[in-house]
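J.: Numbers in our numbering are just positions in the sequence shown, counted from 1, shifted up by 244.
Any given hint could turn out to be false.
[Claimed, not checked] Derived DSS-like pairs (lysine-lysine); straight-line CA-CA distance at most 30 Å:
#1 K332 to K373
#2 K388 to K345
#3 K403 to K290
#4 K384 to K342
#5 K373 to K403
#6 K406 to K373
#7 K388 to K319
#8 K391 to K445
#9 K373 to K342
#10 K440 to K403
#11 K384 to K315
#12 K452 to K328
#13 K332 to K290
#14 K294 to K384
#15 K425 to K332
#16 K406 to K363
#17 K363 to K328
#18 K403 to K445
#19 K384 to K397
#20 K403 to K375
#21 K373 to K319
#22 K425 to K363
#23 K403 to K452
#24 K319 to K406
#25 K373 to K445
#26 K452 to K315
#27 K345 to K373
#28 K332 to K391
In short, the hints are calculated from the structure, not lab data.
As the structure is a prediction and not an experimental result, all values here were calculated from the model.
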Amino acid sequence: MDNSTLKKFRIHILVLFVASLLGTSNAWAGGDRQDFVSSVDFTLSKRFFKRLDLGLTESLSLKNNSSSIDKISTKADVSYNVVKGVFKVGVDYSIAGKANKEQDLYLNHRFSGYARLKKDVSRFTFGLKTKYQISYRPEKEPAKEFKHYWRNKLYFTAKLPKVALYPLASAECFLRTNDFKGNNTIEKVRYEAGLKYEFNKHNALQAKFRYDDAMHVVDPLDRFGVVVSYMLSL
245 MDNSTLKKFR IHILVLFVAS LLGTSNAWAG GDRQDFVSSV DFTLSKRFFK RLDLGLTESL
305 SLKNNSSSID KISTKADVSY NVVKGVFKVG VDYSIAGKAN KEQDLYLNHR FSGYARLKKD
365 VSRFTFGLKT KYQISYRPEK EPAKEFKHYW RNKLYFTAKL PKVALYPLAS AECFLRTNDF
425 KGNNTIEKVR YEAGLKYEFN KHNALQAKFR YDDAMHVVDP LDRFGVVVSY MLSL
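Take these sequences, add in the hints, and give me the full structure.
T.: See the structure below:
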């Protein structure tokens, strides 16, 4: 990638990220209901044949000001580095016990396919990730059992000098594509900022602040909170 192309890529990332922030800045001052949530994740990953990655993630999420269970989930992920360190494609499947108001757990299923493009520039990484996901919620009425989203994410990470600490930030929009009323629109924008610390090449700990800005839905609920993840690479 020559300098001119690289410059255009960096400008494109910056413009999209700023536009996303400005487009939903009114959420912080809006009248939506809000909830403080939290999540703890553990991810195990292994690389095969230099380009094939397998992953398994266990998650526990809390809601109602982190006082009750939201969901317990397991996700399996398979991805392939088409262009190593630049372009990756993958699929994942999640099964989750989703809690209702009575704290009964209903099994939900989620299937996703995604593609990721990233570029490393010195100590910085800029990236785009597009993902299509289908959720199956059998406890819902027939017209609402399936929920489809097209998700697009801009992200940025940096490497601090002399320490294995990585600041990170991202913005992601969730476009509903199968609303049973035909009102397909962006229903949520997610913002994240945090730090990742690598103990060594196999172990890392990450802490993020997350804000989910709900929009274009009946009785929107904005969620904000923390996500703590431990990652082990074999």
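J.: State for each hint whether it applies.
T.: These are the hints, each one checked on the structure:
Using a Cα cut-off of 30 Å, the hinted pair K332 and K373 holds, with the two alpha carbons roughly 9 Å apart. Taking the CA atoms of K388 and K345, the gap is near 18 Å; set against the 30 Å cutoff, the hint holds. With a CA separation close to 23 Å, the supplied pair K403 and K290 stays within the 30 Å bound. For the given pair, K384 sits about 12 Å from K342 by alpha-carbon distance, which is consistent with the 30 Å threshold.
Between K373 and K403, the direct Cα distance comes to roughly 20 Å. Compliance with the 30 Å bound is thereby established for this hinted pair. About 29 Å separates the Cα atoms of K406 and K373, which keeps this hinted pair within 30 Å; it holds. About 23 Å separates the Cα atoms of K388 and K319, which keeps this hinted pair within 30 Å; it holds. Distance check on the hinted pair: K391 and K445 sit about 37 Å apart at the alpha-carbon level, beyond 30 Å; violated.
This hinted pair checks out: K373 and K342 have alpha carbons roughly 26 Å apart, not beyond 30 Å. Proposed proximity of K440 and K403 is supported: the alpha carbons are some 10 Å apart, at most 30 Å. With a C-alpha separation of about 16 Å, the suggested pairing of K384 with K315 holds against the 30 Å cut-off. Among the hinted pairs, K452 with K328 is consistent with the structure: their alpha-carbon atoms are about 27 Å apart, no more than 30 Å.
This hinted pair checks out: K332 and K290 have alpha carbons roughly 15 Å apart, not beyond 30 Å. Straight-line distance between C-alpha atoms of K294 and K384 comes to about 42 Å, which puts the hinted pair past the 30 Å bound. Between K425 and K332 the alpha-carbon distance is near 34 Å, which puts this suggested pair outside the 30 Å criterion. For the hint linking K406 to K363, the alpha-carbon distance of about 22 Å falls within 30 Å, and the restraint holds.
As the CA atoms of K363 and K328 are separated by approximately 11 Å, the hinted pair is consistent with the 30 Å bound. Only pairs whose Cα atoms come within 30 Å are accepted, and K403 paired with K445 is accepted, the gap being roughly 14 Å. Annotation: proposed proximity of K384 to K397 holds, straight-line Cα distance about 28 Å (limit 30 Å). Distance check on the hinted pair: K403 and K375 sit about 26 Å apart at the alpha-carbon level, within 30 Å; holds.
Straight-line distance between C-alpha atoms of K373 and K319 comes to about 18 Å, which keeps the hinted pair within the 30 Å bound. Taking the CA atoms of K425 and K363, the gap is near 39 Å; set against the 30 Å cutoff, the hint is violated. For the proposed pair K403 and K452, the alpha carbon gap of about 16 Å is at most 30 Å, so the pair holds. At most 30 Å may separate the alpha-carbon atoms for a hinted pair to count; K319 and K406 exceed this at roughly 34 Å.
For the suggested pair K373 and K445, the alpha carbons sit about 24 Å apart, so the restraint of at most 30 Å is met. For the hint pairing K452 with K315, the CA-to-CA distance comes to about 19 Å; that is within 30 Å, so the pair holds. For a cut-off of 30 Å, the pair hint linking K345 to K373 is broken: about 33 Å separates their Cα positions. Taken as a hint, the K332 and K391 pair is honoured in the structure, with Cα atoms around 25 Å apart against an allowance of 30 Å.
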